[in-house]
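Participant: Chains L and Y, in that order, are what the protein sequence lines are. For what it's worth, my numbering labels the leading residue of the first sequence as 1, then goes sequentially. For what it's worth, my numbering labels the leading residue of the second sequence as 1, then goes sequentially.
Just so you know, the hints here were simulated from the structure itself, not pulled from any lab data. All figures in this text were calculated on a predicted structure; none of them were measured in a lab. Misleading hints may appear alongside valid ones.
As the list makes no split between identical chains, a pair holds if one copy fits it or if it spans any two.
Unchecked claim - Straight-line C-alpha distance at most 20 Å; calculated EDC-like pairs for lysine to aspartate or glutamate:
no., residue 1, residue 2
1, K524, E467
2, K575, E594
3, K23, E245
4, K575, D461
5, K526, E402
6, K407, E245
7, K249, D472
8, K517, E528
9, K458, E573
10, K145, D283
11, K192, E213
12, K332, E563
13, K556, E594
14, K453, D333
15, K297, D283
16, K192, E402
17, K526, D283
18, K332, E518
19, K297, D533
20, K407, E528
21, K539, D516
2 protein chains.
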Amino acid sequence: MIKEFLNAIIGEPLPNEKTSHEKYNVPFGLAVMASDAISSVAYAAEEILTFLIPVIGLMSYIWLGWISLMIIGLLFILTISYIQIIRAYPQGGGAYVVAKENIGVKPGLVAASSLLVDYILTVAVSSSAGIAAIVSAFPSLAAHKIFLVISIIIILTILNLRGVSESSKIFSIPTYMFLFGMLFMIIYGLIKCALYGAPPANVINAQLKVSGEISVYLILRAFSNGCSALTGIEAVSNSVPNFKEPSQKNAKTVMILLSALIFLIFGGTSLLARFYHAIPTADSTVLSQIATGVFGKTFMYYFIQLTTAIILFMACNTAFTGFPMLMYVVGKDGFAPRQFTARGKRLSFSTGIVFLSFVAGILVLAFNADVHNLIPLYSVGVFLSFTLSQSGMVIHWKNSNENGWEKRAVINGFGAIIAAVTTIILIYEKFAEGAWIVIILIPMLTLAMTAIKKHYNKVADNLRITEDELADIHLDNPFVHVMIVPIASLNRATINALHYARSITPDVIALNISSDKEAIEKLKRKWELLNTDILLVAKYSPYRAVVTPLIDCIGKIADAAGENERISVILPEFKIDEWWGEALHNHTGFFIRETLLRNKNIIISTYPYHMYKK
Amino acid sequence: MIKEFLNAIIGEPLPNEKTSHEKYNVPFGLAVMASDAISSVAYAAEEILTFLIPVIGLMSYIWLGWISLMIIGLLFILTISYIQIIRAYPQGGGAYVVAKENIGVKPGLVAASSLLVDYILTVAVSSSAGIAAIVSAFPSLAAHKIFLVISIIIILTILNLRGVSESSKIFSIPTYMFLFGMLFMIIYGLIKCALYGAPPANVINAQLKVSGEISVYLILRAFSNGCSALTGIEAVSNSVPNFKEPSQKNAKTVMILLSALIFLIFGGTSLLARFYHAIPTADSTVLSQIATGVFGKTFMYYFIQLTTAIILFMACNTAFTGFPMLMYVVGKDGFAPRQFTARGKRLSFSTGIVFLSFVAGILVLAFNADVHNLIPLYSVGVFLSFTLSQSGMVIHWKNSNENGWEKRAVINGFGAIIAAVTTIILIYEKFAEGAWIVIILIPMLTLAMTAIKKHYNKVADNLRITEDELADIHLDNPFVHVMIVPIASLNRATINALHYARSITPDVIALNISSDKEAIEKLKRKWELLNTDILLVAKYSPYRAVVTPLIDCIGKIADAAGENERISVILPEFKIDEWWGEALHNHTGFFIRETLLRNKNIIISTYPYHMYKK
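Here chain L stands alone, though its shape is the one from the complex (with noise of 0.2 Å):
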């Protein structure tokens, strides 16, 4: 029943051969990689506003212009780096592979952590950010703000055990809308502001209280909070394999247009909200109030929202599909739980996918479902995923000693110089408002990895046999058997226990041990009617506990084994076909078992008597 129930809402189970082959062209990789990219743009002018108004008034839209250069500054330095990983990198150059494989283990262990703290943060940010674009435009779903956002996790993550990629193609239909809404808006709002000239501050905005002048603690507080608005640019750099070839070019392509795209709308809005003066509040973000600004509250307002939510939706659905890909590449090293290396029913990593959604979704709670008090931890995984992947790359051009390398290395050189400059700026500007979190989680999770391998690669060890010592290896050696049947009575349940025991070996012990006497005279009465040679063993226990007296018994027996003996316990076990009718019984055959297998060396049998089965 519970099985129905999974099918339906999952999906009846696909085969290993309809593992997805489908490849990018240039248009549709575009699609697929922009929504998380582009995604972040939805809040970063608002993240750099929120920090600059309350103390700098009306000339925070002056800065947010030179910050917002700063930001697309950073854009174009990572862009050319990242379009060398790509040319070095056609397998695909995730952080973790890139570092692993040119720094060393560790650090492509921290640059996984980072990115797996990252995708996490991706989901719950996004899809806040997603419900706070719709709740802008229809205030009254407020009150609901939590359990939308975690319906929309609930959603994805069902969608993503279904297995989305096959039908992910109709995915670029949102995001062309909301490319097109965007510069549109843009387009129409700049032009709007040259003929008539930008609206005055209007009154509330004139009242803005001022509490500080500009500082450089300021300006780096306010980019550091913008440069969420790059969370997303390493994505085509790890899916090069995924285009269709020539795939390096066309990667390359999506590349270069991707960070154009980041540069217009990111560029756009930054100018708009300062023309449109637009404040960010608790019910309506800098995004809407754009939107307000430009069009009214006409049909194109809540063309923009819609499209927003929907884009930022489909950026959690890449953390949706690069995290449990990442724990995959992970946990085949034997880094991660090997759960997670598992395909699901449906061919998803269903481990990783329901993992991402649960801590998300704890995160949302945390957290208030509200995209100002997650913003703090975001963006410092990535840019130090950034910094360990530029930095491999110098490293990797070194090596490569390959005509021009020098070039090169300069190149990922500055890139990663940046990326750790701005990564520090992260972290000490951040770091009372939760960035600490971050901090201590990145090395607790390298840790944990470190720690999973060590443990994977013990047992491994204990378990391996080598060929020759397989060929040595004599099956047919035979053991002396030594039976232990635990009874509380003469029963068709021990009976079959004790015969199947009979039947293997002569050495079988039927053991005993109550707490009432009289029931211990029965059982010897009974036994004697009993035709066997079966040795009884029946002890009084004064204290009423049954099953340490007995399992220390067996595994005093145990103990006594020899070499080439082999101890085993028969547990009868009833079977009862009413669920409620496990609760009516005594559950010491578990404890039982799982006590000993813990400790002794003794083999444990479990013989089902099904009451109506015979």
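For this one, chain L is given, so just place chain Y on it according to the hints.
Facilitator: Then chain Y, alone, in the frame of chain L:
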């Protein structure tokens, strides 16, 4: 470690021989029995007034007198009836036993269910009322009311798990302190009124809004609320054998003393409530107001409040003795899960104790630890069990045919009628406010008990083997053994399992199911190196599912097995030292085991491989 922690809280285990044989003399017996019966006086007058005052204002105090007289009349009748039960059942005549033996099993179970429900309510009501007494004296604690009630329940649970019986003589001290405190307050209060006249109804009281007139409905409603004063009087008749010889005479003396005390204290507080115009409020109990009126906020006031609280907690405690004992008696007859019949390490019936406190705790949380909310659920069960036991006694006397049985039958018959009428009034008056829950619960519990008995009988019938059959069994008849070893690869754990299987029978099948074609080829290649005649069956699974096809395959072999064949599955299982290590491995073994045991007549053996021990 968990064991040591439990030992520290609950105490070291006690041997069977330590079962308490302590018997009650009259003063000690009175103290033990009194807490439940007398403590209800602490809220009975209050429950009457709560209902009358909003409707008829000051007139309530007149009617309080009349209703108290009715309840005292009822007390008189029940006392005489119960003295007769003491005479007839020297071995202890609880409602369950009396109803079962004389009327039938079903009525017995109804009586038992009623009492069980009421024991749970006793815990919830008495602990809440006790904390209410403390909160009246120390209003600043009001915010922590629910927390305090739950704490009291937890403390009583721990004490009872330890087994409080040995030290229970200490508990007679607060009972007598309460009794003397109350009697002193009543005498002192009445003398004060006689000397100085009753204080005038004060301003607030005079302003009481009168919203209606006295009616039969209202009287019966107040009466039914006041009936809670009589809960607990059945306790003596249940525990006749616990009294010192002559136990019946001593029990009778205690019964009479108890009734006299209820009469004095309930009558006295009703009078005082009338003279001092106590009005129940959310902050202050009626008893607290009376004590304030009589003593002012002196030492005696706090003495009354504290002993009231303690006696209410002790009333709670009687339920902690009564409930597990009744579950034991019912369980011995097969009507309750067997776990309730086992004594814990400290000889107390731990399952019953924990179950009681768990359910009562939920009730307290659901009803916000509010006595007024819980009262409507209370006493229906008690009076239903009164009715059943009194009716049972009528039949008992009739069947006994002893001299003068008619007179005795009439006494109990009258008791039965009065109890029945009271039960009907209780149900009618309190139905909508919560009694309906009890009305549904009691038949449900009765049905569940019948179903449990039926289940145990079915199990016993299935398992039972007669002595003739025993003599016919030939445990030496050999079986043909087929052993299946599911393997994923050839390692030390699987080799062990294969060797074990091979040493028992030549018919061993190594079964491999994998979704990885290469792994299958590798396994086959390695298998060649092994010097063995064991058959390797390796199958490819295109749907990645490994467990389901494995189970199907083994199931088919089992279904084809002849009468004289036994199919065993040997599961290699490696055991890890690290506690977190378990999470890193698949638990397919568990599913294979449970599914096969449930559905097939197959023996499942687990061969442990200990990582660091061999």
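Participant: Compare the structure with each hint and give your call.
Facilitator: Comparing the hints with the structure gives:
1. K524 <-> E467: Classified as between; 13 Å across copies, 53 Å inside a copy.
2. K575 <-> E594: both (19 Å within a copy, 10 Å between copies)
3. K23 <-> E245: Within. Shortest intra-copy distance 9 Å satisfies the 20 Å Cα cut-off; inter-copy 94 Å does not.
4. K575 <-> D461: between (39 Å within a copy, 14 Å between copies)
5. K526 <-> E402: neither (89 Å within a copy, 44 Å between copies)
6. K407 <-> E245: So K407 and E245 fail the 20 Å test inside a copy (27 Å) and across (107 Å) alike.
7. K249 <-> D472: neither (56 Å within a copy, 85 Å between copies)
8. K517 <-> E528: within (17 Å within a copy, 57 Å between copies)
9. K458 <-> E573: between (35 Å within a copy, 16 Å between copies)
10. K145 <-> D283: Intra 11 Å, inter 39 Å, cutoff 20 Å: intra-copy only.
11. K192 <-> E213: Classified as neither: same-chain Cα gap 32 Å, cross-chain 78 Å, threshold 20 Å.
12. K332 <-> E563: Neither: 38 Å inside a copy, 47 Å across copies.
13. K556 <-> E594: So K556 and E594 pass the 20 Å test inside one copy only (17 Å; across, 29 Å).
14. K453 <-> D333: Only inside one copy: K453 and D333 sit 8 Å apart there, 56 Å across copies, limit 20 Å.
15. K297 <-> D283: within (16 Å within a copy, 55 Å between copies)
16. K192 <-> E402: Classified as neither; 53 Å inside a copy, 111 Å across copies.
17. K526 <-> D283: neither (81 Å within a copy, 67 Å between copies)
18. K332 <-> E518: between (60 Å within a copy, 16 Å between copies)
19. K297 <-> D533: Close neither inside one copy (93 Å) nor across copies (81 Å); limit 20 Å.
20. K407 <-> E528: Neither: 94 Å inside a copy, 56 Å across copies.
21. K539 <-> D516: Cα proximity of K539 and D516: one copy only (10 Å, versus 52 Å across).
When each numbered hint is compared with the structure, violations occur for hints 5, 6, 7, 11, 12, 16, 17, 19 and 20.
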